[in-house]
Structure formats: C-alpha cells, structure tokens
Amino acid sequence: DTEVTQTPKHLVMGMTNKKSLKCEQHMGHRAMYWYKQKAKKPPELMFVYSYEKLSINESVPSRFSPECPNSSLLNLHLHALQPEDSALYLCASSPKEAEFYGYTFGSGTRLTVV
Amino acid sequence: AQRVTQPEKLLSVFKGAPVELKCNYSYSGSPELFWYVQYSRQRLQLLLRHISRESIKGFTADLNKGETSFHLKKPFAQEEDSAMYYCALRRPGGYNKLIFGAGTRLAVHP
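Chain order of the listed sequences is A and B.
According to the numbering used here, the stretch in the first sequence is residues 1 to 114, in order.
According to the numbering used here, the stretch in the second sequence is residues 1 to 110, in order.
Be careful, since some hints might not be right.
Mimicking SDA-like on lysine to any residue, the simulated pairs with C-alpha atoms at most 25 angstroms apart in a straight line are [as the list claims (entries may be wrong)]: (1) B:K9 with A:E84; (2) A:K41 with B:K9; (3) A:K40 with B:V19; (4) B:K97 with A:Y51; (5) A:K38 with B:R105; (6) B:K97 with A:S55; (7) A:K40 with B:Q38; (8) A:K96 with B:E54; (9) A:K9 with B:V19; (10) A:K40 with B:L46; (11) A:K38 with B:S40; (12) A:K41 with B:G16; (13) B:K97 with A:P69; (14) B:K97 with A:T16; (15) A:K9 with B:S40.
Worth flagging that the hints you see were computed from the coordinates, not collected in a lab.
Bound conformation, chain A alone (with noise of 0.2 angstroms):
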C-alpha cells in the first residue's frame, strides 16, 4: 500500500458543528503532516506529528484539534468553525529517515463551512 487515505472526501459542516477528518498511511512513514490550501494558492504547512507526536503547530487556531492516536492514523478535529476555514484539507506522510525523499500526499478532505 503506498497511498495516503483521506476521508472524508467532501466536507460541509455548520459553524456549531463537530466534526473531524480522517488520515491514513500504511507504509510505515513515522512523520505525518496536515496541511491547508485556499483555492488557487499553495498548501500552507499547520501541524507536524513525529512519532506520533506533535512536533510543529504553525500558530493554527484552536478550533483545529490534531490527533495521532497511531503510527498509521492521523485525525483532525474541527469545532467552531468559519466560513474563511473552508479550503481543501490535505494529509501527508513520509519516511523519517536521514534522507528526505518528499512527502505522499492524500486526496485531500474538501470542506465548506455554512
């Protein structure tokens, strides 16, 4: 298996709700990644997971809760959203090795929020 699942694959949620995004790799890459992309712009970098730790948040507001609950499994929670958090939701993963050989990215999570 050599993909990054992201589900689900559209998203619309209402500003009071829960909901959350589903990431999953099963290559055995121990470094996962969420990150966000604005129609027509480039995928800005929000958290970092290191051994199933959280190595990097990039100042992301609250209302986005990351989870790693396994090696395999990568979550995103969302609560409280706004309507300007509506954007294409990417996963990704690699290897964490010496080399860095670039990410595999998922399909990615479109969501809109109403």
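Given the coordinates of chain A, work out where chain B should sit on it, guided by the hints.
For chain B alone, kept in the frame of chain A given last:
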C-alpha cells in the same frame, strides 16, 4: 526567512515547444528543493528532487546556487503535461517542513 517564488501564474505553450517553469528561492543554507505536480482532479505528487538529479517524464531541474534558482525544464511539451506545478523548499530543523511556491499552471495546447 525561507521563501519560494514562482513568478508565473500561467505558462501557455504549444505541443512540442520547450518549457521552462521558473522557481527562485531565498535561503541562507544548503537548500533541498523539489518539484510537485498536480494534474486535474488528482493529488499532489512528487515530480523531482534536486538531490537525485533525475529526469522524470522528460523533465529536469538543476539547482543553481549562484542564481538561487531551481527551474523546471522540458525540451518538448506534451498535452498531458498540462497541470499545476509547485516548487518547494525543505526547511531544516528535523521535521521535514516543505514550503511551497504559489504554483504555475502549465497549459499545453495542441
């Protein structure tokens, strides 16, 4: 601060023409640079790493430290090359952070 600049939002060429997608970076150390491609309705995928100095799908990219550039080139464009191309720089610090440029859309016309 590290930055990746892709000056062209759109590059439009005809099939068979040479292609050069520009990427400039600002970084004081030894950079690691990448090109990612996103075809329509598909996920972002790695195209090239500067370290490997390989050619993928006919594309090459050479790191020019003097000009701080990592331009992507292909001598003869194909229609299937039409996609969004992102240049990215790896930020050091042990966590493999990638900083992406704004991207260039390549449109290859028949």
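Check: Which numbered hints does this structure break?
Finding: 9, 12 and 14
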